[in-house]
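Novice: Following the numbering used here, the numbering of the sequence shown begins with 38 at its first residue and continues without gaps.
In short, the hints are calculated from the structure, not lab data. Any given hint could turn out to be false.
[As the list claims (entries may be wrong)] No more than 30 Å apart at the CA atoms, straight line, and that leaves these computed lysine-lysine pairs for BS3-like: (1) K112 <-> K50; (2) K120 <-> K81; (3) K96 <-> K84; (4) K84 <-> K105.
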Amino acid sequence: MQQSIAETTMARKYSKGAAKKVARAMHKRKKGTLKSGGSGKTVKSRKQAIAIGLSEARKEGKKVPAKKSASKARKTKKAKKTKRSTS
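Using the sequences provided together with the hints, build the complete structure.
Specialist: What follows is the structure, given as structure tokens:
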């Protein structure tokens, strides 16, 4: 039995609208016109530009996975550290 293409493809993690927001942020960063929210300084980091694009997409309600919380990141880092020390 053959499966249709729709059944074999996975759902998008990020919506097309979110991808456009990130692309716009990256373009602005390249031009040197992308500013950070709090301080208003020019963004130079590629990762920061992506984060700004995703943040804007989240505010507009686009489909974007939830941010990893700081506590979750701390727990995984702590788990890796204890695993490393026991080895």
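Novice: Sort out which numbered hints this structure fails and list those numbers smallest first.
Specialist: Those not satisfied come down to hint 2.
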